[in-house]
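Protein sequence lines correspond, in order, to chains F and H. Residue 293 is where the first sequence ends in the working numbering, and the numbering goes up by one at each step. Residue 603 is where the second sequence ends in the working numbering, and the numbering goes up by one at each step.
Quick caveat, the hints were computed from the structure, so don't treat them as lab data. Since the structure is predicted, the reported quantities are computational estimates derived from the model, not experimental observations. Heads up, some of the hints might be wrong.
Stated by the list, open to error - Which bits of chain F does chain H cover? Going by a derived footprint, with three or more residues having C-beta under 8 Å, they are:
#1 2-15
#2 84-92
#3 129-137
#4 200-214
To be verified - Keeping only pairs whose Cα atoms sit at most 20 Å apart, straight-line, the calculated PhoX-like set for lysine-lysine is:
#5 Lys-240/F - Lys-154/F
#6 Lys-255/F - Lys-240/F
#7 Lys-425/H - Lys-15/F
#8 Lys-311/H - Lys-289/F
#9 Lys-299/H - Lys-289/F
#10 Lys-266/F - Lys-228/F
#11 Lys-288/F - Lys-423/H
#12 Lys-15/F - Lys-502/H
#13 Lys-61/F - Lys-45/F
#14 Lys-423/H - Lys-14/F
#15 Lys-502/H - Lys-572/H
#16 Lys-396/H - Lys-14/F
#17 Lys-288/F - Lys-527/H
#18 Lys-14/F - Lys-311/H
#19 Lys-311/H - Lys-505/H
#20 Lys-527/H - Lys-15/F
#21 Lys-289/F - Lys-348/H
#22 Lys-154/F - Lys-45/F
#23 Lys-383/H - Lys-299/H
#24 Lys-502/H - Lys-308/H
#25 Lys-14/F - Lys-555/H
#26 Lys-288/F - Lys-505/H
#27 Lys-348/H - Lys-299/H
#28 Lys-311/H - Lys-322/H
Glycine included, every Cβ here is placed at the ideal spot set by N, Cα and C.
Okay, here's what each chain looks like letter by letter:
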Amino acid sequence: MWNLLQIELFKIFKKPRTYLAFAIIAAFIFLIQLGLLVNGKDWMKFMLGSLDETMSIDYSKLVNGYAVCFFVLNLLLVHVPILVALVAGDVVSGEASMGTLRLLAAKPVSRMQIILAKFFATAVYVFALLLWIAVISLVVSIAVFGENDLVVAKTNGLQLIESGDVLWRYFCAFGFAFIAMMVVAAISLLLSVLSENSIGPIVATVGIIIVCTLISEMEIPLYQKYIKPYLFTTYMLGWKGFFYIGSTEDGETIKGSIQYLPGILKSIAALLVYMVALVAASVFIFRKKDILS
Amino acid sequence: MSSIIKVNHLSKHFKEIKAVDDLSFSVEKGDVYGFLGQNGAGKSTTIRMLLTLIKPSAGEISIFGKDLSVHRHEILKEVGAVIEKPDLYKYLSAFDNLAIFAKLSGIKPDRALLLEQLKMVGLEERAFSKVKTFSQGMKQRLGIAVALVHKPQLIILDEPTNGLDPQGIADMRNLILHLSRELGKTIVVSSHLLSEIELVANRMLIIHKGKKIVEGNVATLLDPSKSLVQIETKNDTAARAKLLHTRWAAFLQDNTRCLQFKMNKEEVPQLLNDLVSLKVQLLSVNPMHSLEDYFLSLTTQSGYVESFAN
Chain F
1 MWNLLQIELF KIFKKPRTYL AFAIIAAFIF LIQLGLLVNG KDWMKFMLGS LDETMSIDYS
61 KLVNGYAVCF FVLNLLLVHV PILVALVAGD VVSGEASMGT LRLLAAKPVS RMQIILAKFF
121 ATAVYVFALL LWIAVISLVV SIAVFGENDL VVAKTNGLQL IESGDVLWRY FCAFGFAFIA
181 MMVVAAISLL LSVLSENSIG PIVATVGIII VCTLISEMEI PLYQKYIKPY LFTTYMLGWK
241 GFFYIGSTED GETIKGSIQY LPGILKSIAA LLVYMVALVA ASVFIFRKKD ILS
Chain H
294 MSSIIKVNHL SKHFKEIKAV DDLSFSVEKG DVYGFLGQNG AGKSTTIRML LTLIKPSAGE
354 ISIFGKDLSV HRHEILKEVG AVIEKPDLYK YLSAFDNLAI FAKLSGIKPD RALLLEQLKM
414 VGLEERAFSK VKTFSQGMKQ RLGIAVALVH KPQLIILDEP TNGLDPQGIA DMRNLILHLS
474 RELGKTIVVS SHLLSEIELV ANRMLIIHKG KKIVEGNVAT LLDPSKSLVQ IETKNDTAAR
534 AKLLHTRWAA FLQDNTRCLQ FKMNKEEVPQ LLNDLVSLKV QLLSVNPMHS LEDYFLSLTT
594 QSGYVESFAN
């Protein structure tokens, strides 16, 4: 299994397409950072609306590395699934269309091992991608903009998180995003097992995410009650929960707390169930599949 | 002799299509076993079942005396294969491709061993070039290196001469003979280039529409004393009637489109003389003795091969 995993990683990281995602992310984040470096205060004023009419706000402190990273993640994490699908959707179907799948499957390794090795190799890729996002959006932003308190917009107003209470939340948020992206990878893997070309699974994965997200966001009771709870997209944005801080009855924020921890844990559990079910389905189908490519 | 491959009543159906239908054959140790059939005859499906790429609908396969469905892992360790086109990872070098498949076959991809293997197929100078820059012939040679890197006992080559130039075809033939004669490997080779099979195989199987037509020793099947002569005349029915009371009636085959005689080649001039004497107008005379004739006959009448083999 270790051998297979090494081989799969070697194949993924030797493909030029793999680095496309890293390049796109770097370019996107640098553009945001540049924009905020030039017009950061205006952006923060826009975000806070008319709040400065009731209180005095030092905008230069609010535009800090943590805030830039939060902004980046809000914009970027919705689109990372596309970059995950770009690699995960290709792992089996790409080999089928290239003709190497038959060579691989005719070797003395089980089909279950092949699928699991491909899934774990994809996990390493997703981890590397998120680490890359973390380094550029968090580390570089802190280096450029400095550290300070983070202002987070909630439905019922704004919330300030002290700078010393922020970093661990980012670690948790990236950990959550990793699980969410692995569900996307598992969907792509399943579609990849069913397909003989790479484009199909990539497009289908993106299509599924778009449709599920739209259904999740439609305020139609039928969908909200009966469909939304079963859609994986309902749980994918749970990473934001790590930035909603708990408070006392007097409205005092509690340092180190998370307001909706059970909800986050429920989301993680739901995503893990999806991931395991999708990978199990991929293994089951691939074991039965006649390789005709 | 011990059977390396034993296939019993193997069938594969894709919905209503019978790709392989109740096929049985055996390959003995040291054989170069020719696997012949037209496109769509079921050769590749059978080979894929031997390599566990396709699950049989019915029947059993045993390789090295072990049931393939039970001992897949240990059997495939001793099998090397080129399956149809030599498709490899185009974005990797020849060396990397070889290293990957060596590892997958359970051997340590030692640099010297891999370079030695590439040298054997004449690719040592391109060892670190990406496969996407290779010609079809070079890819085919690399495919052979991949099949042989773990030194398997059984080598399965599905259409190995596909896309090769004449020199490449000759090289492939020499390689097959070398592997068989010098290294004692058992080889199953399928090809639609029948003359190639004729030159390398000692035993063969012909399948048509998934069914076995004939299996046997190539030398026996090509025995000149069992030649079949096909004669085309202006009016076959009339010619057949004229021959009815001559000694040639005994050699005349039934239910054939043209006149076909199963006889010694030496007697053909006399037959032609007699036909001319009987005022039969001859259009063509074709001696049928090569494997190619087997194949061509399949497209016209399937009874031909059985009659030839008997």
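Each hint tested on the structure:
no.: 1; hint: 2-15; result: holds (count 8)
no.: 2; hint: 84-92; result: violated (count 0)
no.: 3; hint: 129-137; result: violated (count 0)
no.: 4; hint: 200-214; result: violated (count 0)
no.: 5; hint: Lys-240/F - Lys-154/F; result: holds (10 Å)
no.: 6; hint: Lys-255/F - Lys-240/F; result: holds (17 Å)
no.: 7; hint: Lys-425/H - Lys-15/F; result: holds (13 Å)
no.: 8; hint: Lys-311/H - Lys-289/F; result: holds (18 Å)
no.: 9; hint: Lys-299/H - Lys-289/F; result: violated (24 Å)
no.: 10; hint: Lys-266/F - Lys-228/F; result: holds (14 Å)
no.: 11; hint: Lys-288/F - Lys-423/H; result: violated (33 Å)
no.: 12; hint: Lys-15/F - Lys-502/H; result: violated (41 Å)
no.: 13; hint: Lys-61/F - Lys-45/F; result: holds (12 Å)
no.: 14; hint: Lys-423/H - Lys-14/F; result: holds (11 Å)
no.: 15; hint: Lys-502/H - Lys-572/H; result: violated (40 Å)
no.: 16; hint: Lys-396/H - Lys-14/F; result: holds (17 Å)
no.: 17; hint: Lys-288/F - Lys-527/H; result: violated (57 Å)
no.: 18; hint: Lys-14/F - Lys-311/H; result: violated (41 Å)
no.: 19; hint: Lys-311/H - Lys-505/H; result: holds (13 Å)
no.: 20; hint: Lys-527/H - Lys-15/F; result: violated (65 Å)
no.: 21; hint: Lys-289/F - Lys-348/H; result: holds (8 Å)
no.: 22; hint: Lys-154/F - Lys-45/F; result: holds (16 Å)
no.: 23; hint: Lys-383/H - Lys-299/H; result: violated (35 Å)
no.: 24; hint: Lys-502/H - Lys-308/H; result: holds (15 Å)
no.: 25; hint: Lys-14/F - Lys-555/H; result: violated (62 Å)
no.: 26; hint: Lys-288/F - Lys-505/H; result: violated (27 Å)
no.: 27; hint: Lys-348/H - Lys-299/H; result: holds (16 Å)
no.: 28; hint: Lys-311/H - Lys-322/H; result: violated (30 Å)
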